[in-house]
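First to last, the protein sequences are chains X and R. Read in order, the letters of the first sequence are residues 1 to 114 in this note's numbering. Read in order, the letters of the second sequence are residues 1 to 113 in this note's numbering.
Some clues are possibly wrong.
[To be verified] Label pairs and their computed distance ranges (CB to CB):
no.	chain 1	residue 1	chain 2	residue 2	range
1	X	G53	R	S14	47 to 53 Å
2	X	S58	R	L46	21 to 27 Å
3	R	T12	X	L39	16 to 22 Å
4	R	A53	X	E85	37 to 43 Å
5	X	I12	R	S58	38 to 44 Å
If you are wondering where the hints come from, they were derived from the structure by calculation, not from laboratory data. Each residue gets a CB set at the ideal place from its N, CA and C atoms; glycine is no exception.
Letter by letter, the chains look like this.
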Amino acid sequence: EAGVAQSPRYKIIEKRQSVAFWCNPISGHATLYWYQQILGQGPKLLIQFQNNGVVDDSQLPKDRFSAERLKGVDSTLKIQPAKLEDSAVYLCASRLAGGRNEQFFGPGTRLTVL
Amino acid sequence: GDSVTQMEGPVTLSEEAFLTINCTYTATGYPSLFWYVQYPGEGLQLLLKATKADDKGSNKGFEATYRKETTSFHLEKGSVQVSDSAVYFCALSEQTGANNLFFGTGTRLTVIP
Numbered sequence: 001e002a003g004v005a006q007s008p009r010y011k012i013i014e015k016r017q018s019v020a021f022w023c024n025p026i027s028g029h030a031t032l033y034w035y036q037q038i039l040g041q042g043p044k045l046l047i048q049f050q051n052n053g054v055v056d057d058s059q060l061p062k063d064r065f066s067a068e069r070l071k072g073v074d075s076t077l078k079i080q081p082a083k084l085e086d087s088a089v090y091l092c093a094s095r096l097a098g099g100r101n102e103q104f105f106g107p108g109t110r111l112t113v114l
Numbered sequence: 001g002d003s004v005t006q007m008e009g010p011v012t013l014s015e016e017a018f019l020t021i022n023c024t025y026t027a028t029g030y031p032s033l034f035w036y037v038q039y040p041g042e043g044l045q046l047l048l049k050a051t052k053a054d055d056k057g058s059n060k061g062f063e064a065t066y067r068k069e070t071t072s073f074h075l076e077k078g079s080v081q082v083s084d085s086a087v088y089f090c091a092l093s094e095q096t097g098a099n100n101l102f103f104g105t106g107t108r109l110t111v112i113p
């Protein structure tokens, strides 16, 4: 079974530029998460989707971050404009809906903002 | 709010040494507890979990026991190998609501031959 796919793996941009990350969850996983992992810290939830609806985006900086999951499968996370403090690894995870099912993580996208 | 406090690293051990990584938590309800591992260049993988007090999670020689009285979930392994070198994250998830994961800061383990 294929795991969670993310692209690109690495991205370097200058501040005030825009960037987008893509995630393809495991087939059949209705729940999708985006996490931000700053160097030396644990992952922090940005947004959670259930199918194509948002469950929790309370930690998403909505003035510059946006995310969508239009068909309930793939998802994109966008930052516009980027700031230096957005340098981090952006992790996507998915799980089956309901219960206490395990979250499966992708390899992440490492973003460097110069 | 929910939070996880994890032993700071890095930790360097010789092969076959005993490993303990401490983890304590704060939660409003009765969370599930997890240890995730991140090998170099790879994504987070679930190592083990426990869903209620006194449960013991185990996998690949690692163990952790859910201690409600001390709000702890310490990770242990009796004899580490070079291949165990990775970053280990303690995490919790409330068993109601959105089931979001709250992570500790991670502990980097390096095992030397």
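How the hints compare with the structure:
Between G53/X and S14/R the beta carbon distance is about 51 Å. The supplied range of 47 to 53 Å therefore holds. A beta carbon spacing of about 24 Å between S58/X and L46/R agrees with the range 21 to 27 Å that was offered as a hint. In this structure the supplied range 16 to 22 Å holds for T12/R paired with L39/X, their Cβ-Cβ distance being about 20 Å. A C-beta distance of roughly 39 Å is found between A53/R and E85/X, which places it inside the suggested range of 37 to 43 Å.
Take I12/X and S58/R: their Cβ atoms lie about 41 Å apart, and the range 38 to 44 Å holds.
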